[in-house]
Amino acid sequence: MTDTEPIPAPKRQAGRSMPRWLTALIVTLLAAVTWLGWDTFSTQKTDDQIAEIAVLQQELDRLMVEQEALQSETLQAQSNADQATMALGDSVMAAKAVSEKIAGLSDRIETLTQENESLRFESEKQQRAASAAADQLSAEIGRLERIAQSDREAWEETKGRLAAANENLGKQNAILKDRLAGVLKESIELPEGSNADAALARGSMEIEALENQVDELERQLAEAGRQRNTLARSLLDARSAGEGAAMVASLSSGAGDRIVTDLSERVDALKKEVALSKTILNEKQALWDAEKSRLLNERNALQAKIGDLQTRLSSISERPAVEEPTTQPTASLSPAASTDHAFAALPLPISPRLIDDPKNLSAETSRLFSELSALSDSPAGLKAAYDDLKTSLEATPVLTIPFRASSAELDQSFSDAIAALPTEARRAGRYLIIGYASNDGNEMTNRDLSSRRAMAVAESVAAHHAEVPIEAVYFGQTSRFDSRHRSANRVVEIWQIK
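Oh and the sequence shown: position 446 is 446 in my numbering, straight run, nothing missing.
It is worth saying that the hints were derived from the structure and are not from the lab.
The reader is advised that the hints may include incorrect statements.
[Said to hold, decoys possible] Below, a list of computed lysine-lysine pairs in the BS3-like style, where the Cα atoms sit at most 27 angstroms apart:
no.: 1; residue 1: Lys390; residue 2: Lys498
no.: 2; residue 1: Lys383; residue 2: Lys498
no.: 3; residue 1: Lys498; residue 2: Lys359
no.: 4; residue 1: Lys305; residue 2: Lys498
no.: 5; residue 1: Lys359; residue 2: Lys305
no.: 6; residue 1: Lys359; residue 2: Lys390
[Claimed, not checked] With beta-carbon atoms standing in for the labels, derived distance ranges:
no.: 7; residue 1: Ser118; residue 2: Val92; range: 36 to 42 angstroms
no.: 8; residue 1: Glu467; residue 2: Lys359; range: 24 to 30 angstroms
no.: 9; residue 1: Lys159; residue 2: Ala139; range: 27 to 33 angstroms
no.: 10; residue 1: Asn297; residue 2: Ala139; range: 43 to 49 angstroms
no.: 11; residue 1: Asp416; residue 2: Lys390; range: 21 to 27 angstroms
From the three backbone atoms N, C-alpha and C, an ideal C-beta is built for every residue, glycine too.
Please model the entire structure based on the sequences and the hints provided.
Encoded structure:
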């Protein structure tokens, strides 16, 4: 049934209402009875007429009773009809409500059908995108694998070069020792003014050659560090690619895409390879740090020996001219030429030392290093602790130099500040340079970064204050200066110890 169809009117029950003919008959009988009664009294009818009137009266009474019964039945039928009409109205309202619900459900079904079609289209679109992303990610993983393999091969090649350079440096050290010993012997045995200048010149050339060799080794060390960082970045890129593959797999898992499943398995295998490579890299880093420490210690020891030899050469050059020998000089030795000047003492440069082992620190800097190492890794109480060190150890942080993220390059704008450092240390004290890094990246990288920052500042300080002993150390990553802003921890401190 639709809303436009008319609602039929309720029908009355047939035979329940009083017929018109019965009503007319009753009226006629009443008139006849009235007339007969009136005629009886007026004309004195016969007994037969009276009997007929009595019969008519009885019939009239019966008809009256039937009329009352019919009226009662008519009222009851009317009441029933009214109740039926009300019930029918409720049914019509209920039918209308059901019709409206059916119409709403039809609209909802149509909407859901459209949404289902849209979702099916979107699902197919996502599956195509996931498949394309999977192919792209597979190609990227292959590229990263090739880069990682290339970096590993480059690392092995660099390690071989470093080992050869280290062996060559040992040979150079032995040769230099022999040559310096010869220079010293010539300076002692030859009289003043003969060829002592030439011997000293040869010693200077040997020292310069050694310094060039050390510089070349440091360049190779820096190149190895860059290659190591490149390998670390490749591993990080591979890890990021693995996370992207997991995301693509989750997008297409509902569709059961076999390509993404295979890609997930490859990514899991790559993650295992990355973890293994990271372990190997950490082991190589430890070996590298040990080798670097050994080489730096050898360089420092060699520089100390060179300084000692220069001191001895200076003391020899300052001796008074030797007396004329009583015997006649041989043909192989000419008499010393007369001269009015003595050898000028060679300057004693003080090169900065990067200390990897605290045991190698001097007594003054060792106490300061121990106190700083014991401080907490947070800014709380740092100023009070520094004030105590100023009193107890006469140590003061005279300059703090910031660095950019992942950089060990000293900003040249701090050159004037370094040149203007307090001069008290020139008379009796020394400088301790301390490098720091923020907690970005891994711990090994930050240790190397903080050491290179400390050495960069130490070399700049040595260029302006060559007569002051300088030692450089590094603490690696920290949040000592600011726990919220990482840039505040990328610094180098210059401590003056009186």
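How the hints compare with the structure:
no. : hint                                : verdict
1   : Lys390 x Lys498                     : 10 angstroms, holds
2   : Lys383 x Lys498                     : 20 angstroms, holds
3   : Lys498 x Lys359                     : 21 angstroms, holds
4   : Lys305 x Lys498                     : 26 angstroms, holds
5   : Lys359 x Lys305                     : 19 angstroms, holds
6   : Lys359 x Lys390                     : 23 angstroms, holds
7   : Ser118 x Val92: 36 to 42 angstroms  : 39 angstroms, holds
8   : Glu467 x Lys359: 24 to 30 angstroms : 26 angstroms, holds
9   : Lys159 x Ala139: 27 to 33 angstroms : 31 angstroms, holds
10  : Asn297 x Ala139: 43 to 49 angstroms : 47 angstroms, holds
11  : Asp416 x Lys390: 21 to 27 angstroms : 25 angstroms, holds
Consistency with the previously given hints is maintained throughout, with no hint failing.
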